[in-house]
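Take the two lone chains and join them into the complex the hints point to.
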Amino acid sequence: MSLHEALLKELQPVADVKLLASLRDERLMFSQANDLRIFIPDLHLLSTTARQRYRYGTNQVELLAQVLGALQRLKQNAARSGGTISTYQLGDCLDLWREDPRENSQLDVPSQITDSHRDVMSKLYSDDLRTRFLLGNHDADLYRWANYGAWQRNYFLNQGEQKYRGVVLHGDIFDWEEQFPEQFNRWVVFYMSPFKNPDSYKIPEWIDLVSKENASRDFSQKIGGNASIGQTQPAAPSAPQQFNVATSHKFLNAAYTACQSVNKEHQLKMRFAVIGHTHQAKIAVHDGGKDDFFALIDTGAWIEDSILPTQAVFPNAQLTALSENEVRIYQLGPRGSVV
Amino acid sequence: LTPKLAAGLNLPPAPSKDKPHLGNPSMRTIPVLRSLALCALFLSALACSHSSMATAVSVREAQLRSNDVQLPLTKEDQDHLLKFLIAGGNRDSLEDGDAVDLNASQKYAPLLTLLSDAQNLDPDDLQSPSFKAWFPDMPIRQVIDARSSRPPVIDPPFAVSDGTYWWVFSREGGAKFSKLVVFQAFHKPAEGLPR
Numbered sequence: 001m002s003l004h005e006a007l008l009k010e011l012q013p014v015a016d017v018k019l020l021a022s023l024r025d026e027r028l029m030f031s032q033a034n035d036l037r038i039f040i041p042d043l044h045l046l047s048t049t050a051r052q053r054y055r056y057g058t059n060q061v062e063l064l065a066q067v068l069g070a071l072q073r074l075k076q077n078a079a080r081s082g083g084t085i086s087t088y089q090l091g092d093c094l095d096l097w098r099e100d101p102r103e104n105s106q107l108d109v110p111s112q113i114t115d116s117h118r119d120v121m122s123k124l125y126s127d128d129l130r131t132r133f134l135l136g137n138h139d140a141d142l143y144r145w146a147n148y149g150a151w152q153r154n155y156f157l158n159q160g161e162q163k164y165r166g167v168v169l170h171g172d173i174f175d176w177e178e179q180f181p182e183q184f185n186r187w188v189v190f191y192m193s194p195f196k197n198p199d200s201y202k203i204p205e206w207i208d209l210v211s212k213e214n215a216s217r218d219f220s221q222k223i224g225g226n227a228s229i230g231q232t233q234p235a236a237p238s239a240p241q242q243f244n245v246a247t248s249h250k251f252l253n254a255a256y257t258a259c260q261s262v263n264k265e266h267q268l269k270m271r272f273a274v275i276g277h278t279h280q281a282k283i284a285v286h287d288g289g290k291d292d293f294f295a296l297i298d299t300g301a302w303i304e305d306s307i308l309p310t311q312a313v314f315p316n317a318q319l320t321a322l323s324e325n326e327v328r329i330y331q332l333g334p335r336g337s338v339v
Numbered sequence: 001l002t003p004k005l006a007a008g009l010n011l012p013p014a015p016s017k018d019k020p021h022l023g024n025p026s027m028r029t030i031p032v033l034r035s036l037a038l039c040a041l042f043l044s045a046l047a048c049s050h051s052s053m054a055t056a057v058s059v060r061e062a063q064l065r066s067n068d069v070q071l072p073l074t075k076e077d078q079d080h081l082l083k084f085l086i087a088g089g090n091r092d093s094l095e096d097g098d099a100v101d102l103n104a105s106q107k108y109a110p111l112l113t114l115l116s117d118a119q120n121l122d123p124d125d126l127q128s129p130s131f132k133a134w135f136p137d138m139p140i141r142q143v144i145d146a147r148s149s150r151p152p153v154i155d156p157p158f159a160v161s162d163g164t165y166w167w168v169f170s171r172e173g174g175a176k177f178s179k180l181v182v183f184q185a186f187h188k189p190a191e192g193l194p195r
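If you're matching them up, the sequences are chains A and B in order. Taking the numbering used here, the leading residue of the first sequence gets 1, the next gets one more, and so forth. Taking the numbering used here, the leading residue of the second sequence gets 1, the next gets one more, and so forth.
No lab work stands behind these hints: they were computed from the structure. By construction, the Cβ of each residue, glycine as well, lies at the ideal position given by its N, Cα and C atoms. There may be inaccurate statements among the hints.
Unchecked claim - Examples of chain A residues lying across from chain B (beta carbon under 10 Å, computed):
#, residue
1, Y56
2, Q60
3, S81
4, T84
5, S86
6, R132
7, F156
8, L157
9, Q159
10, G160
11, K163
12, S193
13, K264
Chain B with its partners taken away, still in its complex shape (with noise of 0.2 Å):
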């Protein structure tokens, strides 16, 4: 433990060693309490070392997210999603199509298109260049979806985000994606937790 250290913790300083000890017993203290420091600056570096859980993904709840569609979406289904992220990811104003982002339009409409070809629906077409503009990082394949009986042990799904949603693409037992869920990724505590 270091002076600056402890002066650091508040702990008074340690007696010289050319100076006998004092018989005051707050004094014989003193050595309890570095020891104590120590051990809790230990824990703590610790603790802190092994404090992050791996990152998962849980799906919305139903007003939260977009249907399940088929994978390569139809037109059918390219409209829903394009609908749901206009109404910004809320399914309460796909009834009277109120706007929250008309911008979603022009952002997404040609990853809808890419979706819409088999030809991209390989879980390694996530990393390439063309699918890079929406998804720049690498998928989680922790994915927890309370609507399944038991969680994803086997072929989880793929997370991605652009963002502002997650896209999570599920394999159902084939080689290529068949199934994509949209939801409202909460991110945002990272731009600001409670003060």
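This is chain A alone, in the form it adopts within the complex (with noise of 0.2 Å):
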């Protein structure tokens, strides 16, 4: 049984899997079937007073934490059959800025949040699962906080004799191309090569423009928006090698442009971007034949809602999943319920 199909057959029990998106490409050069990376997008957790002033919220919460204890169940499995499992958060796990106004920061803001979701974050924590984090433009503010020392910016992904074949990070950094021009080029190195050294950037000029990015914004209402996406269908053991992949995404010729600098600078072959931060749940393809290809894996979320074609409306709840070249993206609901 393939890592894949391991991983339906732990979620089936718990929730309602359709497949969302999926793409098999050998030239992912992602291929060992021992290895699963799943990414969970963007959750937006606010404490359970904060969660009162706001009229959208995280979705299916309870839900979060049974598809978190069908990870764990599979972790364990996959490691007694020498399988590995990782598991990434892509960023704005907590919604600090949702939850606090930024004068008020000195006050233990991620502990207000983390005391409300107690079953998620123990679950995402656990030895079990051992999440890598990532901050986003909604928790950047964390690397102020002892506790949240190992949450990064990015993880270079490597299998084996394949290194650095992708990138995971947040994402946010592809709206600065629009918004800051000027930085835009310097920071994007800063996300996306792996030979800087973080800690060669000024962390607080980081933190500004994060902060002139979300306060240039109204989050009251929404943040990513409502998302369209194509037509679902129910997720089965094997997926088609291309459904619902695009050829166009806000963010593919800046992630695209990005990765080849870094390719040529420094000999890789970064092949994908896995991203959160849009709540856009998509697989979009540069492929310019051969070995001119690039996917921007963009995974969604856990927060606003997803419109089909057919215009029924249902709550981001996603999950990316990549092992032996392909990616899948499925979209979660409870158990009965109709996507």
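Shown next, in the form of structure tokens:
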């Protein structure tokens, strides 16, 4: 049984699972069968008190906890048969920005939020799952707290001898191309180049840009807004080679160009980037033939909604899995729900 | 209390010596206020001069620290430390080899080579030009390690930082360093305290 199948087998007893997009291409160069990477997109958790101030919040929190439990079991089972399961949270796990006005950030805001979500956070943090976290633009300030020292701005994915085939990052940097064009070129290197020591950059300068990015937006009604996606289909052990794969995405060109630049500068062969941030689950591909291939894997969110071509609306609750040169994005719902 | 300082403290101006005091009770409180302000200034100055505690280094949790490795380093321990540093000091990434800082190899490999030689393990060596490239400051001897049964009053470890990690060397009763643990330095607040 492949790890994709094993994942599905664990998810289906706790969730209604639909395939939202899939891509199988050997040019992803992430081929090992005993290695599955799972990506959990933006959660935007708020404390119970702060949640009351907004008309929207994290979707399906109970389901999320059940899904994380399924991932714990998957990881334990895979370890017994020599498989490796790695879990990543793509940033904006804790929504500090909406939780508390910035001037009050001396308060222990992260604990206010995690106290309200002990089930989810304890599973994410468990020794069973050992989730790796990214800093997003809504929780960038976590860099100030000692207990969040392991939260990073990027991870470069290794797989045996296939070194650094892809990068995982929150993705807000690509918004900066329009918003802060002068700073974009410099900071995109910070996020994309594995040879740039993060400590060589001025963290407060980065935080100031994130603050400006956030301050220019009104999060009272929405963050990313509703996502338009293609028709979903029931998840099955085998997924189509291409399903709902797009050739356009607002960040595709910027991500492709940045990866090409880093590849050229450092003789790397990064073929994909995994992001969150937009809340628009999608796989988008640049395919110039042969090795001129790049996939942008936008993992969606657990907040806000998606709209099907039929105009049916459902809450975002997505999970992305990568193994054996195949990436799948699943839409999850409570058992018995109709997606 | 100079008039300028009093103005800064938002106190009323001192009554002129040439004019008799008015019988107004609020005017009689002014000397008291001035005395209180002076006391407050003195106490706050005293507090400031004694407010900083001596710096201590705390050993991080298992996820965020390397193995305790024996010195001089074996090839196996060098590999472990290098992988740990490439992973950004997060042990969770060791399982699948994800990287956060590929520059770590170039930056730290020469240091690990130095630490593989028994000739470089005297505490004084940390102040030598060879090590200064990584450890520009004096070692800190106040190390908190909750894994120990008691605080290390006798022969405390030597903690030095390259700006990103703490490197804590112990002698374990000998003359030379025999043990090392590396963990992420939490230096971020110094870059910008919460606003």
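So, going through the hints one by one against the coordinates:
With a least beta-carbon distance of about 27 Å to chain B, the hint placing Y56 (chain A) at the interface is violated under the 10 Å criterion. Because the smallest distance between the Cβ of Q60 (chain A) and any Cβ of chain B comes to about 26 Å, over 10 Å, the interface hint for this residue is violated. At its closest, the beta carbon of S81 (chain A) sits 15 Å from a beta carbon of chain B; the interface hint therefore is violated under the 10 Å criterion. For T84 (chain A), the suggested interface contact is upheld, since its CB lies about 5 Å from the closest CB of chain B, less than 10 Å.
Satisfaction of the interface hint for S86 (chain A) is found here, the shortest Cβ-Cβ separation to chain B being roughly 5 Å, below the 10 Å cut-off. Against a cut-off of 10 Å between C-beta atoms, the interface hint on R132 (chain A) holds, since the closest Cβ of chain B lies about 6 Å away. The beta carbon of F156 (chain A) is positioned within 10 Å of a beta carbon in chain B (closest approach about 4 Å), and the interface hint is therefore held. The interface hint given for L157 (chain A) is met, as the beta carbon of that residue sits about 6 Å from the closest beta carbon of chain B, less than 10 Å.
Interface restraint check for Q159 (chain A): the shortest CB-CB distance to chain B comes to about 8 Å, inside 10 Å, so the restraint holds. Hint status for G160 (chain A): holds, given a least beta-carbon distance of 8 Å to chain B, under 10 Å. Hint status for K163 (chain A) relative to chain B: holds, with the closest Cβ pair at about 8 Å, below 10 Å. Because the smallest distance between the Cβ of S193 (chain A) and any Cβ of chain B comes to about 9 Å, under 10 Å, the interface hint for this residue holds.
A cut of 10 Å between beta carbons decides the hint on K264 (chain A): the least distance to chain B is about 16 Å, and the hint is violated.
Of the hints listed earlier, those the structure fails to meet are numbers 1, 2, 3 and 13, in rising order.
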